[in-house]
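Colleague: Chains as they are written, first to last, in this note's numbering: chain L, 357 to 431; chain R, 53 to 280; chain W, 3 to 184.
There may be inaccurate statements among the hints.
What the hints assert, rightly or not - In silico DSS-like pairs for lysine-lysine, Cα to Cα no more than 30 Å straight-line: (1) LYS12(W) x LYS378(L); (2) LYS21(W) x LYS5(W); (3) LYS431(L) x LYS271(R); (4) LYS181(W) x LYS12(W); (5) LYS12(W) x LYS375(L); (6) LYS177(W) x LYS21(W); (7) LYS181(W) x LYS431(L); (8) LYS71(W) x LYS120(W); (9) LYS238(R) x LYS375(L); (10) LYS379(L) x LYS238(R).
Unchecked claim - Pairwise CB distance ranges (calculated): (11) GLN274(R) x VAL27(W): 15 to 21 Å; (12) ILE415(L) x ARG236(R): 52 to 58 Å; (13) ILE415(L) x GLN90(W): 57 to 63 Å; (14) TYR73(W) x ALA151(R): 23 to 29 Å; (15) ASP363(L) x GLY227(R): 44 to 50 Å; (16) PHE89(W) x LEU82(R): 18 to 24 Å; (17) SER77(W) x PRO162(R): 17 to 23 Å; (18) PRO25(W) x LEU260(R): 16 to 22 Å; (19) GLY250(R) x ALA64(W): 48 to 54 Å; (20) LEU174(R) x LYS123(W): 29 to 35 Å; (21) GLY227(R) x VAL39(W): 21 to 27 Å; (22) ASP70(W) x LYS71(R): 48 to 54 Å.
Keep in mind the hints are simulated off the structure, nothing from the lab. Here the structure is a predicted model, which is why all the values come from computation and not from measurement. Every residue, glycine too, gets a C-beta built ideally from N, C-alpha and C.
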Amino acid sequence: MQEVMLDCLGEACPIPLVKAQKKLEELAVGDVLIVQIDHSCAMKNLPEWAREAGHNVEIEEVDDGEWEVVIEKVK
Amino acid sequence: MSDTSIRRSSTARPRKKKKSQIPIALLVGLVMIALGVVMSVFSPVLGFFWFTGIAFGFILQKTRFCFTAAMRDPYLTGGTNLTKAVLIALAITTLGFWAIKYGAASRGLPIPGQGFVVPISLNTVIGGFIFGIGMVISGGCASGTLMRVGEGLTMPIRSLAFFVVGSVLGAMTMGWWVVNFVARAKAVFLPDVFGWFGAIAIQLATILLLWIAADKFAKSKQKVTETQ
Amino acid sequence: MKKFAEWLAKNDYYKAWFKDAWPYVTGAVLLSVFQIVTFATTGSPWGVSAVFANWGAWIIEAFGGSVDKWYYFASEGAQATLDRGFFQDPGTMRNIGLIVGALFATLMASGFKIKKLKSGKQVIAAILGGLLMGYGARLGFGCNIGAFYSGIASLSLSGWVFGVFLFVGAIVGSKMLVKWFM
């Protein structure tokens, strides 16, 4: 089981989502991807996409205006 | 959320104690209301525009409403949630505008807002096309750029500055475009073609069909990723 | 004040109204309400980008230039707007209000952060994107709000045509973004 950090701080939509989609494809089921973001729109569309794709998602607010979206690949 | 907590081996970066920005928020809120009241005394029109501007900004930020994503995501990520939301906005606003316009016309008054019914020419085509490219690569449209300036993004401030530069270049060369294309072009107001009730029916039906198409598209994309 | 902020941060209503994002459909409904109120009150729908051309004109005038000879600013209405100046222009107040409203919403959620630029590519993307949007908005008589949203809602065919090419442009823009700016 692998845990991968993806640094998307300072990146605007749609880059965090596209990068996360690509990265998640490379990972195996059970791996965890942590995406660091500071773009409030990505904070909404990234978890939404991941949930719709059926993965487990958690959001952690790390600092003011900074989040880590934790995605566990389920399938 | 019924999600069981995801186990992660690394903890997040050392947690700083988060500072609440609410006190600053309340201060900003007071100042913006005070400014609005002063403006309204001085000129009700200015006050109205100021307060509705605040409302638009607040709504856009809170809902993360994004016209750029609505246009871009179907192709780029396969998502159509925002596309569908924009279509809903188009439908509701159309109903309201139609009622106001029809109300004026049926009482024999001049129809308001016809300045937004503009001629269709090569201008519309090129304008829409390059605006579409611009909003995707800069990560926000006109309203989105303004909203993200308020969120503290450094990039949109530059986009905004060059939005102004681009607008000036556009205004500067407008004469040439008008002489060559716009002057010969026609504006089409749908009720003139289909009648008041025909126009609203056709427009709402078009929006509904697009909504269904967007919904089906996202579902088909989801299936593709599942079978992979 | 500090105590109040701490109490508020734990309040459920605060969380739902100010901390968490609202659904997109709520946005669609509320934007529509304010569009209709704006149209009913002022006789004109919401627009954003025409104001930016005026800002440019005022900057040029501030440096001693003149735009009076430009076709775009030749009409009486445009001249009257320019003569009123920055602080008495309703459209300008609406755009600045939009920034302040977004700032207020962000601060209420404790989400304000001055973001750092990650790379030079972002600067180029911002500049190029801004230029294209500015020029495109003047050609198309408006932006995603004035030409597209308000245009379609005004039952103008131009809004639909602009929208179709906005969509085509967004696809080309996506390809460029993935290729060069990521």
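Colleague: Against each hint, give a clear statement of whether it holds in the structure.
Modeller: Against the structure, the hints come out as follows:
1. LYS12(W) x LYS378(L): violated, 37 Å
2. LYS21(W) x LYS5(W): With a Cα-Cα distance of about 18 Å, the restraint between LYS21(W) and LYS5(W) holds, given a limit of 30 Å.
3. LYS431(L) x LYS271(R): holds, 17 Å
4. LYS181(W) x LYS12(W): violated, 44 Å
5. LYS12(W) x LYS375(L): violated, 34 Å
6. LYS177(W) x LYS21(W): Roughly 34 Å between the alpha carbons, so the hint for LYS177(W) and LYS21(W) is violated.
7. LYS181(W) x LYS431(L): Holds. LYS181(W) to LYS431(L) sits at ~28 Å (cutoff 30 Å).
8. LYS71(W) x LYS120(W): The hint is violated at about 42 Å.
9. LYS238(R) x LYS375(L): Answer violated: LYS238(R) to LYS375(L) is near 44 Å, above 30 Å.
10. LYS379(L) x LYS238(R): Violated, because 49 Å separates the two Cα atoms, which is more than 30 Å.
11. GLN274(R) x VAL27(W): 15 to 21 Å: Given a distance of about 19 Å, which is inside 15 to 21 Å, the answer is holds.
12. ILE415(L) x ARG236(R): 52 to 58 Å: Hint holds: Cβ distance 54 Å, inside 52 to 58 Å.
13. ILE415(L) x GLN90(W): 57 to 63 Å: About 44 Å separates the Cβ atoms of ILE415(L) and GLN90(W), which means 57 to 63 Å is violated.
14. TYR73(W) x ALA151(R): 23 to 29 Å: violated, 35 Å
15. ASP363(L) x GLY227(R): 44 to 50 Å: Cβ of ASP363(L) to Cβ of GLY227(R): about 48 Å, so the range 44 to 50 Å holds.
16. PHE89(W) x LEU82(R): 18 to 24 Å: Holds, since PHE89(W) and LEU82(R) (Cβ atoms, about 21 Å apart) stay within the stated range.
17. SER77(W) x PRO162(R): 17 to 23 Å: holds, 18 Å
18. PRO25(W) x LEU260(R): 16 to 22 Å: The hint (16 to 22 Å, Cβ to Cβ) holds, given that PRO25(W) and LEU260(R) are roughly 20 Å apart.
19. GLY250(R) x ALA64(W): 48 to 54 Å: holds, 50 Å
20. LEU174(R) x LYS123(W): 29 to 35 Å: holds, 32 Å
21. GLY227(R) x VAL39(W): 21 to 27 Å: About 36 Å separates the Cβ atoms of GLY227(R) and VAL39(W), which means 21 to 27 Å is violated.
22. ASP70(W) x LYS71(R): 48 to 54 Å: At roughly 50 Å between Cβ atoms, LYS71(R) and ASP70(W) fall inside 48 to 54 Å, so the hint holds.
In terms of the numbered hints stated before, the structure departs from hints 1, 4, 5, 6, 8, 9, 10, 13, 14, 21, listed from lowest to highest.
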